[in-house]
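K.L.:
Sequence order for the protein chains is A and B. Under numbering that gives the first Met the number 0, the first residue of the first sequence carries the number 0, and numbering increases by one thereafter. Under numbering that gives the first Met the number 0, the first residue of the second sequence carries the number 0, and numbering increases by one thereafter.
Hints are computed from structural coordinates only; laboratory data are not their basis. Don't take every hint at face value.
What the hints assert, rightly or not - If we take Cβ atoms under 7 Å as the criterion, some of the chain B residues that face chain A in the derived model are:
(1) Arg1
(2) Leu32
(3) Val33
(4) Gly61
(5) Asn62
(6) Pro98
(7) Asn102
(8) Val103
(9) Ala185
(10) Leu186
(11) Ile188
Quick caveat: nothing in here was measured; it's all calculated off a predicted structure. Ideal Cβ positions, reconstructed from N, Cα and C, are used throughout, including at glycine.
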Amino acid sequence: MTRIEFMLNNHPMRLHAPADKRLVDLLRDDLGLTGTKEACGSGECGACTVLIDGLPRPACLTLAAQLEGRQVTTIEGIATKTGLHPVQQAFVEHGAVQCGFCTPGMVLSAVSLLDHVASPSAQQVRQALAGNLCRCTGYQKIIEAVLAAADHKGERL
Amino acid sequence: MRRVILPSSLEELWREMERRPDALVYAGGTDLLVRLRREPHPDRSLICLERIDALKRIEKLGNEIFIGTGCTHSHLLASPLVRDHLPILAQALAVLGSPLIRNVATIGGNIVTASPAGDTLPPLYALNASVEIVAPGLSRRLAIDEFIKGPGQSALRPGELLSGVVIILPTASAIQHFEKVGQRAALAISIASLAALMQLDEAGIVQGAHLAWGSVGPTVITCPEAEAALEGKPLNRESLAKAAELASGAVSPIDDLRASAAYRRKLAGNLLLRLAPN
């Protein structure tokens, strides 16, 4: 077992885990954070997307030892006490969720995009979400939701 | 449980590699960690390179650009040096994997993995890139086509590390072109790709052509006959069609789940026709 310290959803986390345990397993099995989904297990679908130091990464290809000193954000960490994150709210309002399996990863990829590009074009949204596969929505409503969230963030500034 | 070691300097890396000669070294892990799930080697430690900042340099030294092995594809895409001087590489990086993969996977990993479908490889062949290999007290350079020996095979010896890629800058007026054909735009393994670096003179006559195809042979395929067919000719549909015919004959594709060999052969030639001026 390796001792690992990192920030998880803005809370300091100190735990002992096998160094080669995949982050997706650590989150789901040990920490009960089942919002992070696993589908392909090989980095090809985006269901297990988490943010590490603000960048989307596949949790199925990240090992526990790699977390030392990092900031990890999962879908459980983006809403505030006062409500959903603007991206989550926009997904609800725009019907961007059907079965919901891709949604956590999709939302986190979108959150990272809007953190880096305040007013993305539709093309930039498509490119940023290209690693997150959805088999239900046909993507259109997801893209509309992300664009709406960007507009909404802009209005609040 | 497998040990996972994250050295933060080259000195630390050499110590760990000496201590554990059978350790598996990885950077992003987007190939190795997937492979390990299928073929577990429970006793072999893992050494991850992602914390070694010395391997993440992108530098212009005279007329050369040095790219450190640990640069992620996202990092390279954001680099003005790559964007301004090496659009042929930037075009390939933009369609490599997905944003998630590009945030993790590195150029060194793409080279050492030596997949016939590695997207950075055709541009590196067209650019005549060299790789730098280091070990304690040793540093050597090899041309990319001497480094890559076959699918998954390279000239890297035990105890050595691919530390980076060296690219001599093409002239500012050179045509730099990359195209990949896959079943969808993102997350698609290439069916065939072409990287082309060409120099035209003021009259539009081809002075030099460097062509390299991905996914149509065990390694990147080059075709000196097609290059020779273009040199001294105006760049137009006619000259490109002749070169395309030679290229289709030179490639050695296979049938697989993504496409047939016959389709790949035709495609390899046809990708050249995109270079025709409108």
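K.L.:
Now tell me if each hint is right for this structure.
P.N.:
Results for each hint:
Satisfaction of the interface hint for arginine 1 of chain B is found here, the shortest Cβ-Cβ separation to chain A being roughly 4 Å, below the 7 Å cut-off. For leucine 32 of chain B, the interface hint holds, since its Cβ comes within 7 Å of a Cβ in chain A; the closest pair sits about 5 Å apart. Against a cut-off of 7 Å between C-beta atoms, the interface hint on valine 33 of chain B holds, since the closest Cβ of chain A lies about 4 Å away. The beta carbon of glycine 61 of chain B is not positioned within 7 Å of any beta carbon in chain A (closest approach about 33 Å), and the interface hint is therefore violated.
At its closest, the beta carbon of asparagine 62 of chain B sits 32 Å from a beta carbon of chain A; the interface hint therefore is violated under the 7 Å criterion. The closest approach between the C-beta of proline 98 of chain B and any C-beta of chain A is roughly 5 Å, which is under the 7 Å cut-off, so the hint is satisfied. About 5 Å separates the beta-carbon of asparagine 102 of chain B from the nearest beta-carbon of chain A, less than 7 Å, and the hint is met. With its C-beta approaching chain A no nearer than about 6 Å, valine 103 of chain B sits inside the 7 Å limit, and its interface hint holds.
The closest approach between the C-beta of alanine 185 of chain B and any C-beta of chain A is roughly 3 Å, which is under the 7 Å cut-off, so the hint is satisfied. At a threshold of 7 Å, the smallest CB-CB gap from leucine 186 of chain B to chain A is about 6 Å, leaving the interface hint in force. Because the beta carbon of isoleucine 188 of chain B sits about 10 Å from the nearest beta carbon in chain A, more than 7 Å, this interface hint is broken.
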